[in-house]
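Colleague: Following the hints, put chain L in place on chain U, whose structure we already have.
What follows is the residue order along each chain.
2 protein chains.
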Amino acid sequence: MNIVVLKFGGTSVADIPKIKNIALKIKLEVEQGNKVIVVVSAMSGVTNNLIDLVKNTSDIPPYSEYDTVISTGEQITSALLAIALEKISIKARSWLGWQIPIVTDKTHGKSVIEKIKVDNISKDLEINQVAIVSGFQGVSSENRITTLGRGGSDTTAVAMAASFLAVRCDIYTDVDGVYTTDPRIVKSAKKLDIITYEEMLELASQGAKVLQTRSVALAMKYDVNLRVLSSFEDLPGTSIVKEEKNMEKSEISGIAHSLNEAKITLHGVPDQPGQAAEIFGTLAQHSINVDMIVQSSSINHEVTDITFTIPETDLIIAEKEIKELQKKISFNKFTSDTNVVKISVVGNAMRTQSGIAKTMFETLAGNQINIHVISTSEIKISVLISSDYYELAMRSLHSAFGLDV
Amino acid sequence: MNIVVLKFGGTSVADIPKIKNIALKIKLEVEQGNKVIVVVSAMSGVTNNLIDLVKNTSDIPPYSEYDTVISTGEQITSALLAIALEKISIKARSWLGWQIPIVTDKTHGKSVIEKIKVDNISKDLEINQVAIVSGFQGVSSENRITTLGRGGSDTTAVAMAASFLAVRCDIYTDVDGVYTTDPRIVKSAKKLDIITYEEMLELASQGAKVLQTRSVALAMKYDVNLRVLSSFEDLPGTSIVKEEKNMEKSEISGIAHSLNEAKITLHGVPDQPGQAAEIFGTLAQHSINVDMIVQSSSINHEVTDITFTIPETDLIIAEKEIKELQKKISFNKFTSDTNVVKISVVGNAMRTQSGIAKTMFETLAGNQINIHVISTSEIKISVLISSDYYELAMRSLHSAFGLDV
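Each protein sequence line maps, in turn, to chains U and L. Reading the first sequence from the start, the letters are residues 2 to 406 in this note's numbering. Reading the second sequence from the start, the letters are residues 2 to 406 in this note's numbering.
If we strip away everything but chain U, and leave its shape as in the complex, we get (with noise of 0.2 angstroms):
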């Protein structure tokens, strides 16, 4: 069976003339001899809705029902989906988390998936029924309904594109494919028509919103064959492949920015074995991500500063964990900033030509940009720059790169 696997996102189906537009993409797909299976994300704006609505009630609302609010987002479109389909004669029903089952853990509000059952559905597709899932969501052991965080669509889509070893993964949305960069920022942003797994990866992971980090990684895992286009043109869009086919491309894929940072210090943390993991240990035990970290040499052996960045959503719960860790540790006084910026450059050819950070380096020196903090991994460079500069480091590292060409 030629199984592909199709995924909406929430401005494709965000009213009933784009859910019937999409039924007609639908329609091409299953002419054209394929057991098709799609995953639909909420009409755009209706989980912002039901998030209201549960902050509404509680601040502290039990993970196990917000995932019952927020997931019958995905419910609604993937029926509506199901009979706009009927409605143009094509075979079609809906499937809920709970009724495939795709199963998680228990980690409401973010559940990592732990099993898809393909019996149910491959009957479908066996008789040319389409199959809609409800993506972002999925059925705890214990019944209840789970959902896989901000983006989990995606990952649902890939997940059933590895289940199901299906041919190819199209991740529908309303940009037409991933590019060098945001090109609201930077006029001269280019699509790119291929990227790697590890360089998409990177690029999600630091900022680049076409789709949810998790499911990029789960590609690579599976080696699913996936590509980001857009709905509401007939476009190419991007392939994201294992491997690079083109050597001549310029070094860099792209550069991505995150505006969702905040920069803490801890100034004079005492010099001793264990106080790093205390201080990282305690952010962990709260879910909090840290990212970058930068330990100042220390001087004379008994103080030391110790900068880290986590997300600005995370700020104050981190502010109020660390008063409360003056107790246990002695350093002198933390302070804070949110108004900085992370801008990485990406790029797997960075793995055997050397330069780039130095190039990176001078481009920023050369505007009058100072670099707060610096982290890399085998394929990116990331500095944290304060917010007033972070166009203008975008735009020359652009053209700095040889990307605008």
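Simulated from the structure, these hints should not be mistaken for laboratory data. No false leads were mixed into what you were given.
Pairs of lysine-lysine, DSS-like flavour, derived with a Cα cap of 25 angstroms: (1) Lys111/L - Lys92/U; (2) Lys28/U - Lys56/L; (3) Lys321/U - Lys56/U.
Modeller: For chain L alone, coordinates are given in the frame of chain U:
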């Protein structure tokens, strides 16, 4: 265990402040030592919006998908109420139809409950956790979501009360009980403290919209201690009981009216056996409920006229089928009239007291109101009249039967 079932309708959970208010009401029940099962409707307006979404997608939606869409309203309310209860430190969790499960047949859109599993919720009740049940929904043997028809949450509540042997089933709504007639039409309408199942059944099926007819029939069958009361005022409401305790009350309990009526007359039907069976069999095949029927006595034993009423909403399909029938039965012509209203007087005392029909017909005649069709049951007399006179008819009957005082 002292189990109580509380049902809250759409206006009682219309917004977050109202949901929080309901939570306080439930808290009182818990504090009195009761084990509480709550059944909730969708927030008012939500179900209609969902139906509009479906209708805008297709005029012939598969009802399995229709149910998947419209059941989300109750799903949201049940989880929000659980959140509101947890917020005030009352243990609670939401239960969807498929989680309990409430197993129904496969008649999507108007399913019948076959079985309710009590084990899962019983465990909750044992640890004093409030069970918040999504009304109106169930699950079929095919694991698809089903719904019980408009007003189906009443039926969910009564079915839960019957299955859990609840000591009472309180239906909270936006009126403070059952009235002798519609207070919007007859200013002197009085609230009834008590009414029998059978009277309530007749009133509900004759157009009084306080309770879904099916729920009353179910309460009668399982002897559920049913009460209708206001969620906004602290008043005793109306109890629906097996036998009338107060023998002194006036013979008539209430006067109902139904505007959703259409009258059809088939003129010159051959006066031969099997003609009526042919006509009503055809309508039954299309799920059209025929209510009042009258056949004129045939003068020359050759032809007769047959008049009957159906819901006005079924008129278009009925007219189409009757036109088809003319190929089989050679009646002269048919006429239809939607400018009619059915008025019913209901009272358990009719079983033993005569003269009620006489009072009814005299009252209408005294006001120059012509009667088109009459039908009766043991405890009810219904007449079909021109809709021009229905308010006058209701007021004068309310007065004639001594209900004003």
